[in-house]
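Protein chains in written order, with this note's numbering: chain A, 1 to 285; chain B, 1 to 285; chain C, 1 to 285; chain D, 1 to 285.
These aren't lab readings, by the way, just hints derived from the structure by calculation.
Source: prediction; values computed, not measured.
Backbone N, C-alpha and C define an ideal beta-carbon position, used for all residues, glycine too.
Watch out, some of these pointers could steer you wrong.
Some but not every residue of chain B turned toward chain A, in silico, with C-beta under 10 angstroms [to be verified]:
| hint | residue |
| --- | --- |
| 1 | K11 |
| 2 | E13 |
| 3 | R15 |
| 4 | E151 |
| 5 | F152 |
| 6 | G154 |
| 7 | R157 |
| 8 | L251 |
Number of protein chains: 4
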Amino acid sequence: MAILGDNRYGKAEVRVVRVDRSAEPHTLADWNVSVSLAGDMREVHLSGANDRVLPTDTQKNTVYALARRLGAVEPEAFALALARHFVDRQPGISRARVHVDSYGWTAVGPHSLVRSGGEVRTVAVLHDGQSGSWVVGGLRELTLLNTTDSEFWGFARDELTTLAETTDRILATSVEARWRFRSTDCDWGTAFSRARQALVDAFAGTYSYSLQQSLYAMGCRVLAEVPEVCEVRLALPNKHHFLVDLSPFGLDNDNEVYHAADRPYGLIEGQVLADDAPDAGPAWS
Amino acid sequence: MAILGDNRYGKAEVRVVRVDRSAEPHTLADWNVSVSLAGDMREVHLSGANDRVLPTDTQKNTVYALARRLGAVEPEAFALALARHFVDRQPGISRARVHVDSYGWTAVGPHSLVRSGGEVRTVAVLHDGQSGSWVVGGLRELTLLNTTDSEFWGFARDELTTLAETTDRILATSVEARWRFRSTDCDWGTAFSRARQALVDAFAGTYSYSLQQSLYAMGCRVLAEVPEVCEVRLALPNKHHFLVDLSPFGLDNDNEVYHAADRPYGLIEGQVLADDAPDAGPAWS
Amino acid sequence: MAILGDNRYGKAEVRVVRVDRSAEPHTLADWNVSVSLAGDMREVHLSGANDRVLPTDTQKNTVYALARRLGAVEPEAFALALARHFVDRQPGISRARVHVDSYGWTAVGPHSLVRSGGEVRTVAVLHDGQSGSWVVGGLRELTLLNTTDSEFWGFARDELTTLAETTDRILATSVEARWRFRSTDCDWGTAFSRARQALVDAFAGTYSYSLQQSLYAMGCRVLAEVPEVCEVRLALPNKHHFLVDLSPFGLDNDNEVYHAADRPYGLIEGQVLADDAPDAGPAWS
Amino acid sequence: MAILGDNRYGKAEVRVVRVDRSAEPHTLADWNVSVSLAGDMREVHLSGANDRVLPTDTQKNTVYALARRLGAVEPEAFALALARHFVDRQPGISRARVHVDSYGWTAVGPHSLVRSGGEVRTVAVLHDGQSGSWVVGGLRELTLLNTTDSEFWGFARDELTTLAETTDRILATSVEARWRFRSTDCDWGTAFSRARQALVDAFAGTYSYSLQQSLYAMGCRVLAEVPEVCEVRLALPNKHHFLVDLSPFGLDNDNEVYHAADRPYGLIEGQVLADDAPDAGPAWS
Chain A
1 MAILGDNRYG KAEVRVVRVD RSAEPHTLAD WNVSVSLAGD MREVHLSGAN DRVLPTDTQK
61 NTVYALARRL GAVEPEAFAL ALARHFVDRQ PGISRARVHV DSYGWTAVGP HSLVRSGGEV
121 RTVAVLHDGQ SGSWVVGGLR ELTLLNTTDS EFWGFARDEL TTLAETTDRI LATSVEARWR
181 FRSTDCDWGT AFSRARQALV DAFAGTYSYS LQQSLYAMGC RVLAEVPEVC EVRLALPNKH
241 HFLVDLSPFG LDNDNEVYHA ADRPYGLIEG QVLADDAPDA GPAWS
Chain B
1 MAILGDNRYG KAEVRVVRVD RSAEPHTLAD WNVSVSLAGD MREVHLSGAN DRVLPTDTQK
61 NTVYALARRL GAVEPEAFAL ALARHFVDRQ PGISRARVHV DSYGWTAVGP HSLVRSGGEV
121 RTVAVLHDGQ SGSWVVGGLR ELTLLNTTDS EFWGFARDEL TTLAETTDRI LATSVEARWR
181 FRSTDCDWGT AFSRARQALV DAFAGTYSYS LQQSLYAMGC RVLAEVPEVC EVRLALPNKH
241 HFLVDLSPFG LDNDNEVYHA ADRPYGLIEG QVLADDAPDA GPAWS
Chain C
1 MAILGDNRYG KAEVRVVRVD RSAEPHTLAD WNVSVSLAGD MREVHLSGAN DRVLPTDTQK
61 NTVYALARRL GAVEPEAFAL ALARHFVDRQ PGISRARVHV DSYGWTAVGP HSLVRSGGEV
121 RTVAVLHDGQ SGSWVVGGLR ELTLLNTTDS EFWGFARDEL TTLAETTDRI LATSVEARWR
181 FRSTDCDWGT AFSRARQALV DAFAGTYSYS LQQSLYAMGC RVLAEVPEVC EVRLALPNKH
241 HFLVDLSPFG LDNDNEVYHA ADRPYGLIEG QVLADDAPDA GPAWS
Chain D
1 MAILGDNRYG KAEVRVVRVD RSAEPHTLAD WNVSVSLAGD MREVHLSGAN DRVLPTDTQK
61 NTVYALARRL GAVEPEAFAL ALARHFVDRQ PGISRARVHV DSYGWTAVGP HSLVRSGGEV
121 RTVAVLHDGQ SGSWVVGGLR ELTLLNTTDS EFWGFARDEL TTLAETTDRI LATSVEARWR
181 FRSTDCDWGT AFSRARQALV DAFAGTYSYS LQQSLYAMGC RVLAEVPEVC EVRLALPNKH
241 HFLVDLSPFG LDNDNEVYHA ADRPYGLIEG QVLADDAPDA GPAWS
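Start from the sequences and build out the full structure, keeping to the hints where you can.
So, in structure tokens, the structure goes:
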């Protein structure tokens, strides 16, 4: 016989843009908001009875209404308010998760902005009616490259190992970082800026013998610079740049011309915790 | 002080194609293989010492060498062999995870094939040196649509609810399904075909009052048709098709002309288990 | 001083789905329609006066209204009617171009369908108030592969040539084909099916010494099988499959294990015309 | 009977990265280079004889070798040299086209850089053995938004028009611009910077009654600021931001909360020429 296990449902990718014209230059909050709700949803799965199902269309409406009601807030604060809204008001909803992707814009005039580029600020909030709220900030698609100061040698070998050792290589990655806050009360904007800067500084400042070493340094730096954060999780693809062999053409290549490869790529993942980090509960679930 | 938490590393997206010319029509295994290894990797994170790090380049080589050695096998068997290879041979590697995406091709001549389309067969294998192996099969991008036989009404309401009830709508989704096998010994090809057919049949055959109801029916059907499977996890985006209001133009629209929306979309996620499903251990980790 | 040159404007990517429930199994037309209009638009560019600008929002409405009015028609016929609609009725619009991408679905039940995959049928219609209408059919993302029967040798060489000759390689491509019809009156559905089959048959049936040779054979075959067509344009990326060198591991590799590369790729483009092809006019503009 | 028409072939998307370590901070040229060659290629299409076909693999090698030989040059100069290389040296090649996409990086340390974001600088060079060389510069994915100073009213209407007029809307677009240079000798870096700035300034500085008006202003501004340019071609998608109707929830919405739509979108295309622009020849072919 079959049993219903964990389940959740919601509205994904609500694209809300909020314009703040209260001062010049005007500013934008440009967000992609996803909501996911859980509770006792047995009946709708078994018989299709929807009386406990708040429509995902209503969830979309709620995103827009709260954007209007809350006004200019950081995405972490918005996500917290949105998650609590559903759990507090809707019988049968015991847990809500909200994700916000936030896209950056830079003023180029009093009423004009240019999109800042590929980098995305991320927020994941979980609010549980019993155990409370967790906030995870982050970013993705922050692409970093060191032109030198990276080596890779002394690695393990087996009979299928053909890689040459190197004492000077390009090290490049597209950072996906998420950081867990200790509490739900924080100067979110400052925390984000400091965490981002810590990632850049640690990557740039680490003479690296492996991408794992850079990852750990980046996690430690965020913890050091943002005391409100107690845990950092990083996923760092190793965006390989291969030195092109130009010797068949009578040319040397002193770490100058590279082929930027697409696939495959290395992928390094790890978490770094403060030694006094409280239990994560369902923060990452 | 900072502590290193869970971590892993590997080579992602190794694109291997194996041609079997032993009979006509020739056949292809067209795979995208990702490897992720874990073990005691403290030293490389802290000091950059790589002596326990089997290069991701070697992992790539291993994918190709095993494709040659194993010959014509199902992707589940390949992933099992590959994961075990690393844990069995490499001191310091205690756990390996292998993902395989498999793309379908159809013969159009003795030596000619056409790519079957968007649908992708997936495999995720975890092998742990202590606790053994888990196999999760699946698929994604199987896009299904019912033109009718779907209703949505009687749902919960709050002051932000504006959605109209409907007793006849299009129901469409792009199925992402993963199913956990009870053991590591199975007729993988037959199991995949039956699971896929069960998903299609249950979606098509369910008169649906909510996508959750269809999800549960699909999970139950896989369990019923593939007894080697003990758990199914499904993620079903509700690909909304909105009936276009043509009344301003003096036209009726009797469930005929729809706008296919991109974003936002509903997202329904759930798991269905056999009542005798063994503990999942790290299968989904 | 600056002069306004050619210009056009329109609504792109109107996603319209039309359900035909008149018989079982139900069928779908699943289209992505783009409209582009041109005429004397000097004033709107120079001063912003919009009195000759039919809003792109109206163009979107027109797509939906015509889908309702025209009912079950082939996309070529729809595009013709839509393009003529704007030029015939709107003073100031002298030329309209309509593109339709059409996605395939296969019945899996009386009211149920599964999306057929990545392949897309395309239509481009141009209607000019003075010179009339042109219809270009086509397809893209038809991925074909020959496991053998392909050689590449005897090519030109310079001092930067390092490629080895081969007498047995995989040949794979993702076909983008467009074919110009002689007239605006045709059995569009049959013509499409025959053209697609001609492309597949010619690719599969050509023992190929270069992808150019296959391209020309494919163009000729379409002309031969679909006499309503007078010109074929093809863009064929050479999706390289590189034989993996397994000799460092003591393994042979008799055209069995390949690496499927992403970038760079060869790109072969060409057109094949019937010797009595009428002038193309603005058909491709 | 069938006739071979226009044709060309080449290597697409060669990803070359050139590091300049001659001064700190180190700098990067990060390019995606595509080559396309044409000449008398009848034989290879008809019989597969490759003696006039310089392999696309050699074209790839040439990109890397020239990156080494030419050192630190602007992408326009690189494309010119590369196109001429093939036509000058290879009998049978009469025309070469080279495209370069260039990705920006910003120094964050003496040896460290961060990718600047989505915006891409583009170059298209055509060199013909008889008629000479043409250079087209450009950019794409420059996303601009005005929070106000945009109206849309007084437009043409028909019986399918339902759009409301507005005197205050968001105007947003993702600029794709290409500009034709008068000659092949120019300070390419400065020209690019000025053209980009002209686009931003004209978009931000135009009180707009239609996106066409902004397009024309942008083209004129580039011509005015970069006298080396004689023609500008622009494609501006109208990235619609729809004001959300919050009145069902008892909330006003004074141009504050918007839904950012994906599809469909308006698409405005146009060219602006200097009145003394020389004939374009095959520059845009």
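Consistency of the hints with the structure:
| no. | hint | in the structure |
| --- | --- | --- |
| 1 | K11 | holds, 5 angstroms |
| 2 | E13 | holds, 4 angstroms |
| 3 | R15 | holds, 6 angstroms |
| 4 | E151 | holds, 8 angstroms |
| 5 | F152 | holds, 7 angstroms |
| 6 | G154 | holds, 5 angstroms |
| 7 | R157 | holds, 8 angstroms |
| 8 | L251 | violated, 25 angstroms |
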